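Let's have the full structure, built from the sequences with the hints guiding it.
Those sequence lines, one after another, are chains A and B.
When we follow the numbering used here, the leftmost residue of the first sequence carries the number 1, and every step to the right adds one.
When we follow the numbering used here, the leftmost residue of the second sequence carries the number 1001, and every step to the right adds one.
Worth flagging that the hints you see were computed from the coordinates, not collected in a lab.
In this text the structure is predicted, and so the values were computed from the model without any measurement.
Keep in mind that the hints are not guaranteed to be accurate.
Simulated pairs of lysine to aspartate or glutamate, DMTMM-like, Cα-Cα distance not exceeding 25 Å [to be verified]:
id, chain 1, residue 1, chain 2, residue 2
1, B, K1010, A, E129
2, B, K1002, A, E67
3, B, K1076, B, E1233
4, A, K103, B, D1091
5, B, K1076, A, D93
6, B, K1236, A, E67
Okay, here's what each chain looks like letter by letter:
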Amino acid sequence: MIRIENLTKYYGSFRALDQINFQVQDGEILGFLGPNGAGKTTTMQIMTSYLAPSEGNIFVDDYNVIEDSFEIRNNLGYLPEHNPLYEDMIVYDFLKFVAKMRKIDDNLIKDRIKEVIEVCGLKRVIHREIGVLSKGYKQRVGLAQAIIHDPSILILDEPTSGLDPNQIAEIRELIKTLGKKKTVLISSHILQEIQATADRMVIINEGKIAADGTLDELMAKFRGDTLLEMELKNADEKKLESISEIDNKIKIVEIDDSKEGAKLKLEYPNTIDPREEIFEFAVNNEWKILEMSRSRTSLEDVFRKLTVEQGGSNEN
Amino acid sequence: MKTNIGLIYKKEFSSFFNSAVAYITLIVFLLLAGWFSMNTFFLINQSDLRQLFSVIPIIYLAFIPALTMNLIAEEKNDGTMEFLTTLPVSDADIVVGKFLASMALIGIALLFTFTQFFTVLIIGNNVDIGALLCGYIGLLLLGGVYSAIGLFASSITDNQIVAFIVSFLIIAIFFILDKILMFVPGFLSTIFQYMSTGYHFESISRGVIDSRNIIYFASIITFFLLLSIRVLEMRKWR
Ligand SMILES: Nc1ncnc2c1ncn2[C@@H]1O[C@H](COP(=O)(O)OP(=O)(O)OP(=O)(O)O)[C@@H](O)[C@H]1O
Ligand SMILES: [Mg+2]
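The following block contains the structure:
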């Protein structure tokens, strides 16, 4: 388990991370979601010992990044943002270099390289120079170096950014496959990315944790009002307005009786569900309900609310 | 934990031969060394390599900054430093590995000048082989000091040109210290002389390897390597 405890990071006097706390459970894929400049990369760089925390600590099982940087790095694979690679190296030589740096036994190296070539689909390019590969293939090389020592933890910083839709789908698939056996922390500023790969998500904004939970939990916690759209026959505007008498929490958003079937849009908080009463109200008035549909605030709205409304991006 | 110095060294050494700049640097070094020493060599028919040993330290002034400028700066600029330092490797291993790679290249460059060494052996008379070898050891040690300085300069920036200029300037200071002794007051002149690379190099190339000279070279090398390691570590707290 990874525990991020009261993690704070200053760049000079700028506070990039402010007392953040969250945990990654063994075997889960945790999405780390936040707009540009939220502090995702900073957090991951502290986890991988590229940066030191200003305050707080990160614990991985019994180790922590301040005292046991080596032990933690040993058991972790990292795909940095922008995926820096030695462009003038041949893919195979590069993987061999990483395998040796990772202290993989000399007589096992061949097999391990073979395995990651298989898993990451690198067969076609294994003897090519990294610099000439497509972005998608470079990303696969980045993933291959991150898993070559079969670490139990994978840290992936925006692994699909800059890829075309096909490559995105492929890399996501690959991450999901890897995630079956590993603890994965994957960052993104795109909600769909996290929805597509992660079991749970932590939303970070301006260096603070804004939300933490599974998709459903976050929806339940943050969804706002329910929107009810109806189409009614035989209704007139005056009478329609009285529908809000059912419950004063019901707000009429829009009435349009210009056409034969009147359109009505209602909004009410998700703490109540007045659909039955509305139905009876309509029946009592001898209106005929042609259509009634309910929509909820989407997770996208939730994410936007949690990030943009609080000041949003501080990248400049 | 087994050290990774050897792996860093190998990676650096082979990546050197992937770059055209490196070849050009090496060739220019050899041309200059050859030109300036052979020129007078046949005229005065000396049986030593005095000319070569006095010219190479001057060529070093530009050669070693050119050789070392990319060692760390380029990795910083490409972002591969983030990749490298998050592997289980210490910053010290990275610095020492890169330093050794630079030393190996200097060794190779010096090896090429052996043509002159052998020429002297064959056509010279009363050749003092010991002195010649000492000269080469001195050149290697001098190269070590300048490499350590170059590495330090490369560690403080992600711009290779800046690295080149900074290392050139620092090296030039060490180089010039014993050549301006007449302009400084007496008490300073001993210090200047002791701090200068030239003074120690010359006493070695005269054919005597004194432990004081070795200590001097070793401590300057250590100092700049430690400084480079510190600079690398500083990224964590920037
Ligand atoms: N080296 C640095 N020096 C100063 N400020 C920095 C440095 N690195 C990052 N920052 C600032 O810290 C904040 C967090 O940056 P970070 O890179 O962690 O964000 P992020 O969530 O990864 O964003 P993105 O989605 O753009 O990658 C940003 O405001 C950024 O400008
Ligand atoms: Mg980032």
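Evaluation of the provided hints:
1. K1010(B) <-> E129(A): holds, 18 Å
2. K1002(B) <-> E67(A): holds, 19 Å
3. K1076(B) <-> E1233(B): holds, 13 Å
4. K103(A) <-> D1091(B): holds, 17 Å
5. K1076(B) <-> D93(A): Given that 25 Å is the threshold and the Cα spacing comes to 21 Å, the pair holds.
6. K1236(B) <-> E67(A): Answer holds: K1236(B) to E67(A) is near 14 Å, not above 25 Å.
Checked against the numbered hints above, the structure breaks none of them.
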